[in-house]
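**Q** With the hints as your guide, set chains Y and A onto chain P.
The primary structure of each chain is shown beneath.
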Amino acid sequence: MNTSVPADWYLLLSAALFTMGVIGFLSKRSLITVFMSIELMLNAVNLSFVTFAHEWHAVKGQIFVFFVMMVAAAEAAVGLAIIIAIFRVRGTLTVDQIDRMKL
Amino acid sequence: MDGMILSLILVVPLVGMGAILLLPDRGKLSAWIALLDSLLTFVCTLHLPAHFHTQQAGFQFEENLPWLSRPAIHFHVGVDGLSLWLVVLVGLLAPVGVVASWRAVQKNSKAFYALYLLQQTAMVGVFVSLDLMLYYGFWELSLIPIAVLTAMFGRNLGDGAAGKAALRFFLYTFLASAPLLVALLWLYARTGSFDYATLQAAVASGSLPGWQLGWVSVAFLIAFAVKVPVLGLHGWLPDLFSEAPVAIAMIAAGKLGLYSLIRFHVELFPAMAHRAAPWMIALATIGILYGAMLALVQKEFWKLLAYATIGSLSFCTLGIYGFTAAGMSGAVLQTVNEGVIGAALFLMFGVLYESARTSRMADFGGLAKQTPRLVTLFTIAGLALIGLPLLNGFVGEFLVLSGTFAGVSRSWAAIAALGVILSAAYMLGAIQKIFLADGQTNGHAGRVARDLTGMETVTVGVLAVLMLAIGVQPTVWTEAIESALQTVTHTMHAQGVSPVRMESGTVIASSMGGRQ
Amino acid sequence: MNEPMLFLPLIALFPFTGFLLNGLFGSRLPKALVSTIALLFPLLSFAVVARAAWMVHGGMLLPMAEVGTPTWIAVGSFHVGFQFVLDQLSLVMLLVVTGVGFLIHLYSVGYMEHEQGYWRYFAYLNLFLFFMTVLVLAGNYLLMFVGWEGVGLASYLLIGFYIDRKSAGDAGKKAFVVNRVGDFGFLIGMFLLIANFGTLNFHQIGAQLTGHVAISGAAATLICLCLILGATGKSAQIPLYIWLPDAMEGPTPVSALIHAATMVTAGVYMIARTHALFDLSPTALMVVAVLGTATAFFAATVAMVQTDIKRVLAYSTISQLGYMFLGCGVGAYSAAVFHLMTHAFFKALLFLAAGSVIHGLSGEQDMRRMGGLRKAMPVTFWTMTAAVLAISGFFPFAGFFSKDAILAAAFQHGTLGKALWTVGLITALLTSFYMFRLWYLTFLGEPRSAVHDNGHDDAHAAHAHESPWIMLLPLIVLALLSVSGGWIGIERFAGFLEPVTGLAPVSDAGHTELFLSVLAVLVAALGWFLAHLFFGRDGEAAEQAAQSLAPIRRLLEGKYWIDEIYTALIVRPVQWVARFVLGWVGEWTLVRGSAWLLAGIVGLSGELLRRWQSGNLRSYAAWLAAGAAALLLFALAGTLLGLNGFADSIHWAVR
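Protein chains in written order, with our numbering: chain P, 1 to 103; chain Y, 1 to 516; chain A, 1 to 655.
The hints are simulated quantities; they were obtained by calculation from the structure and are not laboratory data. Mixed in with the good hints, there may be bad ones.
[Unchecked claim] Mimicking DSS-like on lysine-lysine, the simulated pairs with C-alpha atoms at most 25 Å apart in a straight line are:
id: 1; chain 1: Y; residue 1: K299; chain 2: Y; residue 2: K369
id: 2; chain 1: Y; residue 1: K164; chain 2: Y; residue 2: K107
id: 3; chain 1: Y; residue 1: K107; chain 2: Y; residue 2: K28
id: 4; chain 1: Y; residue 1: K164; chain 2: Y; residue 2: K110
id: 5; chain 1: A; residue 1: K31; chain 2: Y; residue 2: K369
id: 6; chain 1: A; residue 1: K166; chain 2: Y; residue 2: K369
id: 7; chain 1: Y; residue 1: K299; chain 2: A; residue 2: K166
id: 8; chain 1: Y; residue 1: K28; chain 2: Y; residue 2: K110
id: 9; chain 1: Y; residue 1: K164; chain 2: Y; residue 2: K369
So that you can see chain P by itself, here it is in the shape it has in the complex (with noise of 0.2 Å):
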């Protein structure tokens, strides 16, 4: 067991991957990007879930994981889809020209 990492090695990595997300969400202009931004910060909370949920031998935190990849999954199609439409109607994907609230 001594040979194993330790948890603040995985919660380092957590926020590290959380602040990137951050950054990138933040700085990024292809919409594409700000979409796997959010990816990355998902995954990043994911892996703390999963991190404590090791650490207190308790069972909730893997769930919350489940539910978390599931909600990415459908928001990945969805956002997906509406990256799309964009797309088709506006013919960019630059976050600073999509700001008419519609399409």
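**A** Chains Y and A only, in chain P's frame:
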């Protein structure tokens, strides 16, 4: 029968509404259903005075069924002398409104009559509810059809004036009712009950915190004052009268608000009402003159009627807040009178409006020969409005003025009485402009005008007979009203509230004095 | 013992039935039936009155009140019923109202024969009789007020009878509204009576006044002044007389019945009926006397220059009513009522005769286009002559006795009374002058229809014809009454009325009265002489005199510009205030303005908040991140401050 008559009155219009919605919108089918249904409702409401015991205090025909247990809302309805004639009035005006819409509403009559009948239920509900949450529901419900029907069937749909009038009415009344809901919930939080009698006892016991209760009563007052409307809060009225279909305009003002003022302000919060009274008396007195003077210079009849209505409703407010027996009886009677007279005038000018599409009085002129029935009935209704003795308007005005004069203030009553001069001037002016030769005879409007049809003549004739009947035998009506008001005055005396005595020019001083 | 049945309500209900029948079905009935209905019911009512008078003659005691009258208004302790009372005063009034009323109905059948709306006319006329009898029979003020306003309504309808004439509509409206000003006073007076006596019943108030319950002089004065305002409205006195001249727009028989014989005397009747109260207030009596005298003089001066035959009579009516007020004001109520009665005879006759002239000339009312009608219309001429002599106060015509009684009473009423008497005497001179002016211009001289400028000559004095017998019969009856109506004498008349109007002022030695009477007749003769001088020879002297007095003439022809002054001082300001102060400042600025202000504030804040919702994804994201960071910092700060976690931080923050 007595045990469920009120439910019946509430349900019959809803049944009619259901029938109209289910059956196809073909020809006059919806109108006929609405007419028969509203006549049936009227017959049901007549059951009330026939079996009403004048000598018996308290509510009659009561029904009290638990509806929700948490929050504790009951289907609790009942009628006393105060609401008795108002319920009958709603029943009477329902078929009148249908007759008034008979020719005016052609398109989409299904929606019109369905909402119209819904409005009937809502209004009766307001008058009979003894559970405040139930009351609030009916109160809000009574606002919606007015706004929707004005927006859908208004006169000037093209340039958006009807929509604006509907919106203005909706905003005025809804914004004013929002604090009412908050106040109701506060009362419920403190007492755990929406029941009228329970709340009345709780307020009277003095166990509720004083300054908050003051704000609660103000919330009640404003919600009702807007609906009456009291002077200053009447911004919605002239527009609505100009734009709403006749059947809607004739029920929009007056009785709901005035009844609520008595029942849920004066009776529920006697001490606070007493404090507000000097202000209300001043507003009412000024309102009488304000309405009459503005009516004097209007060019359009609907506007004239709107300001005349403000003046005549101010008489009711004056009577209510004087807290004298004569004044309050007069106020309730005048509320009924205003409904009857207003309905007749609305219907009759509506006939002229339908053919000429204008309400400018100068566009008519010299119609008397062409429309003998119309001019006769119009003159009778006009004379009733300006308080000719032996017609109903006089009794109400006389009682209010004499009560105010004896119990409240001689100078304020004298100022209010000046209204009788002005009202004669504007009403006879209107009659002259529309029906008599006025220099501009034979305009387009005059040529296309038609006389009343048989159905319209009968309808207005019934109203005219009623005006005469109330004017000659007002005791039949005031007896029941007085029986209810004795309870009111008894409650008020129990809480040390006596008629407001005002000397001229001391409105502010006396209300400050009342606060100490 | 059996109380005699008087059937008082029938007196009022008969004409009402006539009104209902003609009003509802008249348009579909043949003319003959309409007139039968219209005549029958007033006649029935007169029969009931005459029967009552007969019973009184036979020794029945008055007053008689109907028993078991139905309640009208009852609230709390206040209680008013439909209560009819017959006493000496109302009996006299009723005889005049129903008697003269019936004669004028009869006359109208001829006069109105060719008018459109024949049935409508008679329906209104019967309605008037209904309200007038209610007014007279009323046992309390409120019921009197019913009649009071009701006759105003009938007057409004009849003045405006010619519905295609704008002037008629205007006149009707003016009459009603001006009367409403008076009614306002009556209403306030009633409220004061309720406040002081707790009742509006004549009998109960009278009992309280004679009993120990005293009322302060100031209160009595206040009540009386309010009632006086009411009386000046109905009886066309200063300041509210302005409606009566315009009321001549109505058909002439209406002017005779309503605006001369009956309705306009209601104010005098009311004051006589309330005299117990007026007796308590010398101030109020003085006001009545001064108002009456001023009106009498003022109206007589205007009457001198009028050219419309009906307008002369209208101002004459105002002037004669002024005499009646003078009589009331000096406490000679019975003399006032006496003059009321004789005036009803001769003034109704004057109007009917004038109507006969107008009828004969197919509608011409301008005296400048009359003249020389004596031959063509002998009956009209002779009856009119009787009336002119009566109103001028020649012995032994009716007007002499009653006017003399009033002037004598005024003469004996102290210093003020002497002054009033002087004005009254001058007015008598003027009266005689303008009446003979009318007489000369209308009946004597040559027909002057030639001055008519618009070609066609069907309506001219040269082609005048006498009226049908149905119009002449009332003229003859009224002429007989105008001659003999005063022969009963003021002493016997006052004696009869004494139970109601109280003792007449004590008269001095007979020779003063004799002197006054002779003086009055001499003055009347002087008036005739002057009129003869000016108008007896086709008006050349009149023209010269008029030119030398041009400013006065203009003043009189302009009727002192009272109408214009009222318009400028009252009507215009009210309209101005309504339109600009209330309409613009009140309605637009305050009511609409406040709504717009509220809407504006909401709209503006929405406009500001809208900018936040830019639609830019990254700005939303930045706000989201900033919010999350703020929450994190908040929790961390709590930990650093030694609080136990997030919940405690919140608790600390809201404390």
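**Q** State for each hint whether it applies.
**A** To see whether the hints hold, each was checked on the structure:
no.: 1; hint: Y:K299 <-> Y:K369; in the structure: holds (22 Å)
no.: 2; hint: Y:K164 <-> Y:K107; in the structure: holds (21 Å)
no.: 3; hint: Y:K107 <-> Y:K28; in the structure: holds (10 Å)
no.: 4; hint: Y:K164 <-> Y:K110; in the structure: holds (23 Å)
no.: 5; hint: A:K31 <-> Y:K369; in the structure: holds (18 Å)
no.: 6; hint: A:K166 <-> Y:K369; in the structure: holds (14 Å)
no.: 7; hint: Y:K299 <-> A:K166; in the structure: holds (18 Å)
no.: 8; hint: Y:K28 <-> Y:K110; in the structure: holds (9 Å)
no.: 9; hint: Y:K164 <-> Y:K369; in the structure: violated (38 Å)
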